[in-house]
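Chain residues, written in single-letter form:
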Amino acid sequence: MASKKSTQTAKRKPVKRRNRNSSRKNNRGFISKATLFKILFTLLVLLGLLLLFLDVQIRHQFEGKRWAVPAKVYARPLELYAGSPLSINDLKVELRGLGYQFVSKASKPGQAAFSASRAIISTRGFNFTDGKEPPRRMVLDFNRQGLSSISDYQGNELALVRLEPVLIGGIYPLNNEDRDLIQLQDAPPALIDALIAIEDRDFYDHHGISPKGIARAMVANIKAGAFVQGGSTLTQQLIKNFYLTSDRTLIRKLLEMPMAMLLELHYSKDEILEAYLNEVYLGQDGARAIHGFGLGAHYFFAQPIQELKLHQVALLAGMVKGPSYYDPRRHPERAKKRRDLVLRVLRDQGEITQEQYQQAISADLDVVKKGTLLKEAYPAFLDLVKRQLRRHYRDEDLSSEGLRVFTSLDPIVQKAAEESLTQTISQLEQAYQKVDKLQGSMVVTDPQTGEVLSVIGDRNTRYKGFNRALDARRPIGSLVKPAVYLTALEQGYTLSTRLDDSPYSLSQPNGQTWKPQNFDKRSHSEVTLIEGLTHSYNISTARLGMEVGLENVIDTLVRLGVRRKLDPYPSLLLGAQGLSPLEVATMYQTIAANGFQMPARAIRTVTDSDGNALSSYPFQLKQTVAAEDIYLLQTAMQEVARSGTAASIYRSLPGSINVAGKTGTSDDQRDSWFAGFSNNRLAVVWLGQDDNSPLPFTGSGGALRTWTQFMASQPLESFHAPTPENIEWLWVNEDNGYLSAAQCEDARQLPFIRGTAPQQTAECYLKADEQDDPVSRSIDWIKDWFR
Amino acid sequence: MRLSTPRLLLTGVFVAMMAGCSIAPSQAPRAPVEDRGTEAEARPSPRPAPQEPASEPAVATPLPDSGPSATPSPSPAPAPQPQTQQSPAVVALLSDAEQSRDAGDYRAAQGSLQRAQRIAPRDPEVYYSLAATHMELEDYDLAEQVALKGVSVAQGNAYQLRRLWQLLAKIRLRAGDPEGSRQAELKANQY
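Protein chains in written order, with our numbering: chain A, -14 to 772; chain B, -11 to 179.
Don't read these hints as lab results, they were simulated from the structure. Worth double-checking, as some hints may not be accurate.
[Said to hold, decoys possible] Residues on chain B that point at chain A, a partial pick, calculated with CB under 8 Å:
1) V21
2) S75
3) P76
4) A77
5) A96
6) Q98
7) Q102
8) I107
9) P109
10) V141
Beta carbons are placed, not taken as given, at the ideal position from N, Cα and C, and that holds for glycine.
Work out the full structure: start from the sequences and follow the hints.
Below you can see the structure in the form of structure tokens.
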């Protein structure tokens, strides 16, 4: 069997071999001609298709939307006009935020020169939605009241000028790329020269790839014995960054060259260069990636790119090679070396003179400290803006359409608020060793317009984390009391109505007993209503609140602007309810604005990238409390500042300035609050600890200090409530609230809604009234205020 | 009042000058701008707002014995009499707003007036003009509230109070509230 098998095998083999031989013969002939041709043809077709595909891709991306441009968020523009309460230091704060150079002679846009009471500034101009503000050179004179006159350089008076607004933030796409688009003509010629000199000498001569450049790079590398120079052209770099970012493989390298050539085929050198200027990566700010020279100029020098000098553009051009390695903030020596190399090349190529070279290399790097940049400096305010924007815009539109968002943030007010909060927190920590993790937040608004001027969400004001101003809902303590008293006033109580302050306890449905106590642990038997609020007595307030009805107090809170669902527990009357500082600001704003409820507005207008308005957020208001009732409440709240729990205010504020407000301390002193207002500023301050542990101070010992320091720093307008027509000022006895007269003992003047004057009269009233007339009484009272 | 005739004339010349140099409202057709509100207006207040805060206090009281004796009222004057001198900046903005309104660009007018309000938030003229602009935009609720805010800051200024109540009468009439309009008219006649 075995032999048979082998014979068969032997027989078969030659056949096989023959077959194979013949097929090989045939194949060889075929490969060399048809197959090879087919393969080559297929390859060519594939290559052609690939090129076509790349071509379509390149053109589509290059001509379509090239970059996701983050929305830009601006602060309010500073309005300059004679009579504005702006100090010369305020102006400096604003101009620093705008990156103005302080020089001895302001001649170019973005420069300012200061003397003791005069500023000469050369503005950049700005395209506002409602018109263009041209660049101007202006002379501003200041006196103690503020800006006294403003004129152009020829001496013509100017009625009103808007400075360009400070850019305070952006809303970034998921990849966190931030950029400021520029056009080629915006870039200083020296930047282009430097870029071409150091990165791609043959840029204007090659067709996308530069054999000369590659050869030069090879020679340089061989000479140096290391990789010191790449032969990539600017076009190749653009392709790499623009189309192939995430892909770092050989295929990418192979695709780069044909794509670069295709790009050159379709687009002019200028178009390619402009795209390069906007695409280039220049550094990292936390999660935010800094792209493009436009943003780079702001990020490193806090200046628009047009204003950069030779040594600055040389640094930017030099950094392209290694933004992290040459980071001028982290490695200033390296960065300077690189900058000087760029300058040397420019000189050697004859682009700059020896003199320019010398001047530039002797200049400092001039890079601004990160902390001085105002972009991203106000995370808590920006958070509020984003939340308001997201109600009307999609995230992708905000992060990619280049929208411009104009807000009400006032950098000058914000700076003062930050200083007041951080300084008082450190002082309190020094005074009370027990607290070491004291936190704080603050909201400042303009009570006349409802605009939010400043928001602080953390004692580290630039911290982008938990935003206490919006999200920390802490028990408001006595800040709730104005709502209780307002409810009573609306029900016919007057400021002189006597309230029961004797010990009080209430059995609750859950079996517990509610037994409010006064802060001094004493009861005061009977007090007038105004005293109850002025001294923030808990017992009389609790009794009053139960008398007027919890549901009615809640209704008042809602009409004052509190939107949260409130439960009708008696403890609500003493502020067990938690609210955020922003909610408190909204509530107090209604009181400050004479009963008109206004939403807290942070955004004024949103425009598209060309400046066309998309939406505006107009001044809105709705009267929800009658003027008379609010007037009485405002009177009592001014008394809180004059003689009540917040009387320490007048150690810092002049007596001529009326303010109104209320202190707040929650149970066990876990929260220290103050909310109050003048005519032009409303501020709410909260201090406390995140772990909710008790504080060694009350509302007046803590938050009020911050509030007072802040208000004292402001150009305050005295609070002035217009007296409604049917309000009359009467003398009453301050102990029992009986109708009295100026000459009588213990008499004080209080406003009453006509027809609600006390019925009972003090003993000396009748005699005195014959000699007195109401007009002179009112005048007397006003005089008293200003004494 | 405090403005003498030459001063008034000067102000007039200044207004004219400002009108000349102020930015002309854009004539180009614009896409409609959307007004955005915040939650505050979206939610109706649980209690109707008093329509006439100066005369309808929440507490039941006799009606005020009409303006004159309650407040020292300046004698009615035929020409505008600002209670305090307006700053040139506000004059310029009011003039801008008027031009924009005449040209039918109410959005631009609104913008100028809100700028004016930030500079002079207690100037009744600003609220008068802003309320009139909202009326033209047919936003009668807001027009009414802005006019009432004007009333609130104009206390003691009979001239402005009369104008504001007359404007309120007009707003209410357009809003389809003839009775409210009549009441506002009566109120205006008190000054």
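Comparing the hints with the structure gives:
{"no.": "1", "hint": "V21", "in the structure": "holds, 4 Å"}
{"no.": "2", "hint": "S75", "in the structure": "holds, 5 Å"}
{"no.": "3", "hint": "P76", "in the structure": "holds, 4 Å"}
{"no.": "4", "hint": "A77", "in the structure": "holds, 4 Å"}
{"no.": "5", "hint": "A96", "in the structure": "holds, 6 Å"}
{"no.": "6", "hint": "Q98", "in the structure": "holds, 6 Å"}
{"no.": "7", "hint": "Q102", "in the structure": "holds, 6 Å"}
{"no.": "8", "hint": "I107", "in the structure": "holds, 6 Å"}
{"no.": "9", "hint": "P109", "in the structure": "holds, 3 Å"}
{"no.": "10", "hint": "V141", "in the structure": "holds, 6 Å"}
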